[in-house]
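Trainee: Protein chains in written order, with my numbering: chain D, 1 to 193; chain X, 1 to 386; chain B, 1 to 322.
None of these hints come from the bench; they were simulated from the model.
For glycine and all other residues, C-beta sits at the position ideal for the given N, C-alpha and C.
Don't take each hint at face value.
Unchecked claim - So these bits of chain X aren't anywhere near chain B, every CB distance computed over 10 Å:
no., residue
1, Val-221
2, Lys-226
3, Arg-232
4, Leu-256
5, Leu-266
As the list claims (entries may be wrong) - Covered by chain X, according to a simulated footprint, are these stretches of chain D (three or more residues, beta-carbon under 8 Å):
no., segment
6, 24-34
7, 111-122
Said to hold, decoys possible - Calculated pairs, DSS-like style, for lysine-lysine (alpha carbon to alpha carbon, straight line, at most 30 Å):
no., chain 1, residue 1, chain 2, residue 2
8, B, Lys-253, X, Lys-207
9, X, Lys-206, B, Lys-63
10, B, Lys-31, X, Lys-206
11, X, Lys-207, B, Lys-63
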Amino acid sequence: MSEANTSEIRIAGFGGQGVILAGMILGKGATIFENRHATLVQSFGPEARGGSCSAQVVLSDQPIAYPYVARPRILVAMSQEAFERFAPDLAPNGLLVYEQDLVKVHDLRPDLRSFGIPATRIAEELRRRMVLNIVMVGFVAAVTGLVGVEAARKAVVDSVPKGTEHLNVTAFDKGCEYGRRLIAGGPAGEGKA
Amino acid sequence: MQADRIGVLTGVHFIDGDFAAAEGAIAAGCRFAAGYPITPSTEVVERLASRFPFVGGLFIQMEDEIASSIAIQGAVWAGAKAITVSSGPGISLMAEHIGYAAMTETPCVFVNVQRGGPSTGLPTLPGQADVMQARWGSHGDYAIIALCPNSPQEAFDLAVTAFNFAERYRSPVMLLLDECIGHMLEKVVIPPADEIEVVPRRLTEKKPGDYLPYLPGDNMVPEMVKAGMGHRFHITGLTHDERGYPVMTAAAQEKLVRRLVDKIRLASRDLALYEARWLDDAEVVVLSYGITSRVVHRAVEVARERGAKVGQLRLKTIWPFPEHLIDQLLGGRVRSIVVPELNLGQLVLEVERTTRGRAKVVPIGHAGGTVHEVGVIVEAILEAAK
Amino acid sequence: MSTPVATHERPDAPVRAEAPGCEPPENPVTKFLRTDRLPHIWCAGCGIGTSVNCFARAVDACKIPLDNISVVSGIGCTGRVAGYLRLDSFHTTHGRAIPFATGLKLANPELKVVVYSGDGDLTAIGGNHLIHAGRRNVDLTVICVNNFTYGMTGGQVAPTTPLQAVATTTPYGNLEEPFNLCHLADSAGAVYVARWTTYHVRQLQKSITKALQKHGFSFVEVLSPCPTLYGRRNRVGDGLAMERMFKERCVIKNGAATHDTAFDALASGQIPIGDFVDRDRPAFLQRYNQVMRAQLGDDFVPYGEPEIDTRAEADQFAGPEG
């Protein structure tokens with residue numbers, strides 16, 4: 001497999017951060033709003049309720065037979081443990097996206113690129129720490145191009161509780177904006193491209 | 001997305017297999033569910049509990065799986081299409097009532113989202129070790145239909161099919177998911193209601209006095225009835241005659257039990273749902289079902305790239321075991337059948353039985369908890385192709 | 001309203017329509033029976049048939065259309081009641097009559113659903129279902145024939161067997177305290193709880209009538225002789241002796257607090273009987289409909305709507321729209 005149009009992603013953090021929802025939004029964006037294909041395999045059980053938590057996401061233009069991710073092209077790390085555990089598995093020339101206040105990046109393989117964002121701080125500025133995963137999704141959409149920003153934004157609206165759409169879209173846009181500026185070589189972040 | 005009048009959630013969704021199975025049940029006209037929480041199946045009833053009040057359905061969380069598995073049968077005899085959902089330990093508790101459904105010819109659907117066993121095993125991790133339990137889990141001789149989806153889309157599709165088979169054969173039907181399929185999210189396209197074939201309950205049109213609840217009709221299947229129609233019928237788990245009255249003789253036993261088994265066994269060709277790839281030039285065939293088939297898909301691709309003449313046969317219907325498909329495979333090029341499954345050798349026993357020495361059968365057991373490594377299956381294919 | 005009943009009627013008496021001599025008037029109970037299944041399996045002196053007689057007359061008194069009643073039994077001697085009643089009847093698995101009946105009732109609320117089973121079936125293997133059906137207040141009438149033992153399997157100890165009573169599995173005497181079933185049903189939440197015996201046929205019949213008319217979970221305990229496997233083994237005597245025992249020891253205590261209604265069937269002393277509990281609280285479906293309507297408003301579609309039957313009876317394979 002591993003066609004050029006297939007992306008394998010691991011999103012990891014700890015329970016309660018909305019790791020699975022973040023993966024779900026990417027999958028929804030791809031399937032429902034871009035008419036592509038996606039699979040999401042989640043770690044489940046006690047893990048999803050406090051401890052470490054991760055989702056394996058595959059996005060593709062074609063139906064996906066094999067939904068598991070051994071060597072992801074992209075790792076979204078939302079906790080130190082997630083970084084320690086999964087960064088070594090990144091595929092050659094892979095991409096690390098991380099929450100920079102929660103993850104201290106060290107000993108990164110030279111072939112990898114990385115982008116950090118203070119997603120928790122941005123969420124706190126919106127007075128809802130819980131939207132950090134949505135900030136992260138906006139950021140991921142902007143820096144990876146995995147899913148179109150429009151599709152991802154629609155998926156956010158489609159996935160969050162009624163009445164919280166505005167808050168979440170704002171969070172998404174903040175993350176997205178941060179990512180765009182980072183890529184453009186703007187002030188924010190410590191991207192090592 | 002708004003459900004239409006009768007609850008079919010037409011549209012494109014990104015949902016897991018558990019939710020998809022619940023939507024399939026609703027689309028098939030199921031309006032009664034009883035269940036008891038157990039990982040990894042709970043999402044099915046959670047979905048039903050939230051959706052049913054919008055579509056005229058009712059979910060009740062019973063005190064245990066035993067109660068759930070018989071409450072649905074009460075509901076069926078009141079006229080509803082009904083479902084219960086569980087996983088390994090809960091299915092073990094339901095075992096007696098799977099037999100009761102078979103004996104009383106109560107059309108209903110049991111969902112088992114398989115986890116690692118035995119006993120409490122691996123609640124949050126996959127297994128496929130309830131395959132023989134699905135076939136033989138209750139005591140006595142009976143036959144059953146069991147379907148095995150390998151994607152959330154198919155969890156939807158086969159949930160509809162499960163209800164249709166249940167009605168057509170007046171039989172319990174097992175929908176065997178596994179934790180992977182149950183918890184994996186993927187695109188699920190739910191068609192418009194009028195594009196979904198739904199088999200309605202075949203209630204008798206006979207007058208009270210003329211109707212016999214166990215008089216075999218087409219394909220050995222008796223017509224259905226429900227309480228309150230005036231037939232004053234009797235249903236029992238005891239061996240019974242065509243009136244439904246208990247008859248404690250060997251002759252009655254022979255007549256009834258043979259029909260119960262034959263009505264499913266002899267319908268095997270009609271019930272057999274499967275998918276085949278690359279069988280034309282295959283010397284090795286990998287037979288699989290459920291989540292394992294998706295690992296096999298990758299493995300077969302890799303093995304073919306390496307020159308192996310290998311094909312894939314994926315069973316959606318595992319019970320009754322489609323013997324004719326094995327027969328069709330053999331007699332030509334096929335020398336080996338490789339059977340990976342997340343158990344230490346269950347369905348492979350059927351493959352060995354039906355192959356009767358005409359090909360080499362290679363089991364690839366795995367105790368569960370995760371899926372096979374692709375490489376393990378590739379190696380087995382290459383070895384078999386030598 | 002009630003028809004006079006001879007107090008010493010034996011269970012099999014009313015169904016012997018072909019008895020020699022002059023043609024007897026049609027027995028009011030005959031229409032309830034599957035006469036083609038007779039003779040029944042119950043022993044001479046057993047009280048189950050007497051209870052069936054009372055039940056039939058109670059149904060008559062309630063004027064419930066017979067096509068609308070379903071009887072659900074579990075396994076055991078009393079479990080065979082369903083098979084002898086010419087009603088929609090379900091002989092289910094051991095202990096599971098109540099959950100079966102729960103599904104039956106909820107899926108067609110128009111039905112009057114009666115669970116008719118024995119003490120072992122309903123309170124040992126089925127005990128969990130009994131208390132939860134009471135808690136939910138499912139609209140069911142449970143008639144529990146308590147003969148202090150497992151008759152069908154040959155007289156083993158039951159949750160109702162008196163202390164020290166001899167059973168095949170307690171050859172040296174029962175060492176476990178029995179349940180007070182009325183207290184159990186009351187505590188679980190039943191809206192109607194009564195205890196009578198097969199000697200008190202008139203009161204039993206009235207009590208079953210009340211239970212059938214009650215909306216919610218009603219529970220009627222019927223103390224009944226099992227001369228073959230309990231009476232003789234415990235020197236209580238035959239069926240007649242046990243009926244006499246009921247006559248002599250029973251004291252009617254209508255409205256008594258159920259925690260005061262325990263008794264020791266084997267010792268001397270009073271056996272409290274009567275209508276103990278009669279109260280009202282919303283039944284399961286009533287509350288379900290209320291809550292859903294409050295929560296979901298006009299989006300709520302009560303069970304069974306849109307009309308399931310018309311769709312189910314469509315004679316062609318059709319989409320659910322058909």
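Trainee: Each hint: holds or not?
Mentor: Against the structure, the hints:
Once the 10 Å rule is applied to beta carbons, X/Val-221 is consistent with being away from chain B; the minimum gap is 15 Å. With a cut of 10 Å on Cβ distances, X/Lys-226 falls inside the contact zone with chain B, its closest approach being about 7 Å. The Cβ of X/Arg-232 sits about 5 Å from the closest Cβ of chain B, inside the 10 Å cut-off, so the non-interface label is violated. Separation of X/Leu-256 from chain B is adequate, the least Cβ-Cβ distance of about 15 Å exceeding the 10 Å criterion.
For X/Leu-266, the condition that its CB be more than 10 Å from all CB atoms of chain B holds, with the nearest at approximately 21 Å. Check on the segment 24-34 of chain D: 5 of its residues sit with their Cβ under 8 Å from a Cβ of chain X, so the three-residue criterion for coverage holds. Counting residues of the segment 111-122 of chain D whose beta carbon lies closer than 8 Å to any beta carbon of chain X gives 0, which falls below the threshold of three, so the coverage claim is violated. The straight-line distance between the Cα atoms of B/Lys-253 and X/Lys-207 is roughly 48 Å, outside the 30 Å bound, and the hint therefore fails.
Between the alpha carbons of X/Lys-206 and B/Lys-63 the distance comes to roughly 26 Å, so the proposed pair stays at or under 30 Å and holds. Among the hinted pairs, B/Lys-31 with X/Lys-206 is consistent with the structure: their alpha-carbon atoms are about 22 Å apart, no more than 30 Å. Between X/Lys-207 and B/Lys-63, the direct Cα distance comes to roughly 23 Å. Compliance with the 30 Å bound is thereby established for this hinted pair.
Consistency with the previously given hints fails for numbers 2, 3, 7, 8, ordered from lowest to highest.
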